[in-house]
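Throw the hints in and build the complete structure from the sequences for me.
Residue numbers for the sequence shown follow the numbering used here, beginning at 1 and rising by one.
Everything labelled a hint here was simulated from the structure, so no lab data went into it. Just so it is clear, the structure is predicted and the values come from calculations on it, not from any experiment. Wrong hints could be hidden among the right ones.
Claimed, not checked - For each label pair, taking beta carbons as the anchor points, the in silico distance ranges come out as:
# : residue 1 : residue 2 : range
1 : LYS51     : ALA29     : 29 to 37 Å
2 : LEU170    : ALA80     : 39 to 47 Å
3 : PRO84     : LEU3      : 34 to 42 Å
Every residue, glycine too, gets a C-beta built ideally from N, C-alpha and C.
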Amino acid sequence: MYLYMKRITDVLCVIVAAPLWLPIMAVLAMLVGASSRGGIFFTQKRYGRNKKFFRLYKFRSMYISAPSDVPTHLLTNPHAHITPVGRFLRKSSLDELPQIFNILAGDMSLVGPRPALWNQDDLIAERDKYGANDVPVGLTGLAQVRGRDELPIDVKAAYDGEYAEKISLLLDIKILFQTVINAVTGRGVKEGGVK
Numbered sequence: 001m002y003l004y005m006k007r008i009t010d011v012l013c014v015i016v017a018a019p020l021w022l023p024i025m026a027v028l029a030m031l032v033g034a035s036s037r038g039g040i041f042f043t044q045k046r047y048g049r050n051k052k053f054f055r056l057y058k059f060r061s062m063y064i065s066a067p068s069d070v071p072t073h074l075l076t077n078p079h080a081h082i083t084p085v086g087r088f089l090r091k092s093s094l095d096e097l098p099q100i101f102n103i104l105a106g107d108m109s110l111v112g113p114r115p116a117l118w119n120q121d122d123l124i125a126e127r128d129k130y131g132a133n134d135v136p137v138g139l140t141g142l143a144q145v146r147g148r149d150e151l152p153i154d155v156k157a158a159y160d161g162e163y164a165e166k167i168s169l170l171l172d173i174k175i176l177f178q179t180v181i182n183a184v185t186g187r188g189v190k191e192g193g194v195k
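What follows is the structure, encoded as structure tokens:
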């Protein structure tokens with residue numbers, strides 16, 4: 001029952017907040033386009049709910065020569081691939097803002113496990129142990145507010161499983177609130193390597 005309400009809440013929240021996010025997206029799109037060669041948006045094949053694939057949208061934060069299907073934290077020298085504007089976007093998590101369109105399309109929710117890359121079979125397998133692949137993927141999630149890039153895969157999957165088990169409106173609100181705090185402070189963002 002809550003998953004149905006969750007979908008309605010996602011769409012209403014995105015529509016009501018449009019006067020806030022539309023101007024921000026317009027400014028960021030101009031900055032991305034003016035800062036380096038390439039498109040404004042970057043798309044990636046990702047796993048969604050029930051391991052169904054979809055195309056995830058982001059603002060392009062890397063040079064077009066960067067590897068496209070490697071998680072940034074696994075790159076040897078990720079800073080060499082990130083544009084100056086991209087550093088700001090990634091630190092503030094504003095590169096994720098175009099996923100609002102994924103939410104409107106029904107590919108994602110505001111809150112849920114982060115969509116895994118198509119080749120992150122290890123993360124998907126770990127999530128299967130906890131039933132975390134059975135809930136909608138999200139713009140932010142429990143693993144993101146508890147460590148994000150600093151978490152090893154097994155810990156990240158366990159947090160995703162905890163979310164799947166306890167999914168509720170109150171938990172979603174708590175995660176969204178903590179996400180705003182983390183985005184402002186830059187907490188949990190790590191480029192290159194996992195502790």
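For each hint, the structure was consulted:
1. For LYS51 and ALA29, the hinted distance range of 29 to 37 Å is satisfied, since their beta carbons lie about 31 Å from each other.
2. Between LEU170 and ALA80 the C-beta distance comes to about 42 Å, which sits within the given range of 39 to 47 Å.
3. Between PRO84 and LEU3 the beta carbon distance is about 40 Å. The supplied range of 34 to 42 Å therefore holds.
In this structure, none of the earlier numbered hints is contradicted; all agree with it.
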